[in-house]
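Q: Residues per chain are reported as follows:
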Amino acid sequence: MATDDHHHQHGSELSDMQLRVRALETVLVEKGYIDPAALDLIIEAYETKVGPHNGARVVARAWRDAAFRQALLEDGSKAVRTMGHESRVGDHLVVVENTPQQHNMVVCTLCSCYPWEVLGLPPVWYKSAPYRSRAVKDPRGVLADFGVKLPKETQIRVWDSTAETRFLVLPMQPAGTEGLSEDELAALVTRDCMIGTGLPKQPERQAAGVR
Amino acid sequence: MDGIHDMGGMDGFGKVVPEPNEPPFHAPWEGRVLAMQRALGYAGTWQIDISRAAQERLPPQVYLKVSYYQRWELAMESNLIERGFAGADEIAAGHALREGKPLKRKLTASVVREGMTRGSFFRQAQAPARFKPGDRVRTRNIHPLTHTRLPRYARGRVGVIERAHGCHAFPDAVATDKGDNPQWLYTVVFDGRELWGPEADAGVKVSIDAFEPYLDPA
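Those protein sequences? They're chains A and B, same order as listed. First residue of the first sequence: 1, per the numbering used here; consecutive thereafter. First residue of the second sequence: 1, per the numbering used here; consecutive thereafter.
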């Protein structure tokens, strides 16, 4: 393994890793274990198809459709499965709802468990030591790192993803967005607000005003 | 194991630094590592808990120094070698020197969608569930030297069963090649002060998903 005393993401190390991974892939292909064409498709799917836009669509639908919202909170996997995502949802998705009384935040203190099916690959910060160490002990401090300040009376509930259950936060719908379409609502839903480290965007005044 | 990976509640790592407009991968090799791991999993080489356990066994100074996908790559190399799928000599040479082991199946382009579907961890129950939502439980004070999902900060603590998730494969058993040994899984919620002491924020609750063998009635 390459070692760099300053920082692990220096360019020289990246090229060392590029060589090391290429050598490993060659071994696995020659042994008949893997097909490089399949690897290309997996990478392409994560680069272009599977991402937080999938989750944003789920949230937007839940905001507009009370029956879907109810179904989503009762059985997240079943409700999301009806939406036909590229990376098809497994059996263990749980959707947790923010309310004025309770804000939810998701972490995996042991590694990086994350609802990939609906949010894509987890960001580096989610897998980093600062987030994993502090989210369960000082969630308000972590929210401050994200520029989020909640009312003092709002309880914070942290969900540590220690098993195969995956959690998606259903944020509160921003005020004044009741007439918006599913597309317009989805555009307000950020990745971070579905992890619980952010809040949905506010609609631009003009856009909301037209309705 | 009580390793560096079990970070919940540690101090000193500093602020969380989000990266604006973060790309899915920061270098092409990261995507190759992720996709290779997916392909090997689909082929039936080893379960995901065995990958996780191999990462946790990295020396703490290595674990903290390398990047996320480097950990995946190091764990993959260890498992390939330890489980007889490739030799250290082959990995060093960058070429196969011997025939591969026969595998259950192979992830090809035509089945990639199937390969990207998350597997189910539900298993047939071996016994009735011991707890139900509302029950008070105390987590056990255990320190296995192998993979476990009971984080240190939540050992020996009293909480309440909030949700029951059915019966699941038990990672502690899977990671040590003892089979699925299915166990009931529950969300257990703790008051922040139970975990962090009376001075802690009274407005915080933390839950873990706990397998039944981690729990006693309280």
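Fair warning: there could be bad hints in the mix.
From the structure, some residues in chain A lie toward chain B, with a derived Cβ separation under 10 Å [stated by the list, open to error]: (1) L41; (2) R64; (3) A67; (4) F68; (5) R69; (6) M83; (7) V94; (8) E97; (9) T99; (10) E117; (11) W125; (12) Q155; (13) I156; (14) R166; (15) M172; (16) A186.
Which stretches of chain B does chain A cover? Using the computed rule of at least three CB atoms under 8 Å from a CB of chain A, they are [stated by the list, open to error]: (17) 26 to 40; (18) 69 to 76; (19) 82 to 92; (20) 129 to 141; (21) 183 to 196.
Don't read these hints as lab results, they were simulated from the structure. Where is the CB? At the ideal position from N, CA and C, for every residue including glycine.
Q: Hints first: check each against the structure and report whether it holds.
A: Against the structure, the hints:
1. For A/L41, the interface hint holds, since its Cβ comes within 10 Å of a Cβ in chain B; the closest pair sits about 4 Å apart.
2. Checking A/R64 against chain B: minimum C-beta separation of about 26 Å lies over 10 Å; hint violated.
3. Given the 10 Å rule on beta carbons, the hint for A/A67 is violated: about 22 Å separates it from the nearest Cβ of chain B.
4. Against a cut-off of 10 Å between C-beta atoms, the interface hint on A/F68 is violated, since the closest Cβ of chain B lies about 21 Å away.
5. Restraint check, A/R69 versus chain B: the minimum CB separation of about 18 Å is more than 10 Å; hint violated.
6. Hint status for A/M83: violated, given a least beta-carbon distance of 14 Å to chain B, over 10 Å.
7. The beta carbon of A/V94 is positioned within 10 Å of a beta carbon in chain B (closest approach about 8 Å), and the interface hint is therefore held.
8. The interface hint given for A/E97 is broken, as the beta carbon of that residue sits about 14 Å from the closest beta carbon of chain B, more than 10 Å.
9. Below 10 Å, beta-carbon pairs count as interface contacts, and A/T99 has none with chain B, the closest being about 14 Å; its hint is therefore violated.
10. Interface restraint check for A/E117: the shortest CB-CB distance to chain B comes to about 6 Å, inside 10 Å, so the restraint holds.
11. This hint holds: A/W125 has a C-beta 5 Å from the nearest C-beta of chain B, less than the 10 Å allowed.
12. For A/Q155, the interface hint holds, since its Cβ comes within 10 Å of a Cβ in chain B; the closest pair sits about 5 Å apart.
13. Because the beta carbon of A/I156 sits about 5 Å from the nearest beta carbon in chain B, less than 10 Å, this interface hint is met.
14. The restraint placing A/R166 at the interface with chain B holds, with a minimum CB-CB distance near 8 Å, inside the 10 Å limit.
15. Interface hint at A/M172: violated, since its Cβ lies 17 Å from the closest Cβ of chain B, which is beyond the 10 Å cut-off.
16. Against a cut-off of 10 Å between C-beta atoms, the interface hint on A/A186 is violated, since the closest Cβ of chain B lies about 18 Å away.
17. Closer than 8 Å: that is the beta-carbon criterion, and the region 26 to 40 of chain B has 13 residues meeting it against chain A, so the requirement of 3 holds.
18. Residue count for the region 69 to 76 of chain B with a Cβ under 8 Å from a Cβ of chain A: 4. That meets the three needed, and the coverage hint holds.
19. Coverage of the region 82 to 92 of chain B by chain A holds [criterion: at least 3 residues with CB-CB distance below 8 Å; count 4].
20. Given a C-beta distance limit of less than 8 Å, the hint that chain A covers the region 129 to 141 of chain B is violated, as 0 residues qualify and 3 are needed.
21. Counting residues of the region 183 to 196 of chain B whose beta carbon lies closer than 8 Å to any beta carbon of chain A gives 5, which meets the minimum of three for the stated coverage.
Hints 2, 3, 4, 5, 6, 8, 9, 15, 16 and 20 from the list above are not met by this structure, while the remaining hints are.
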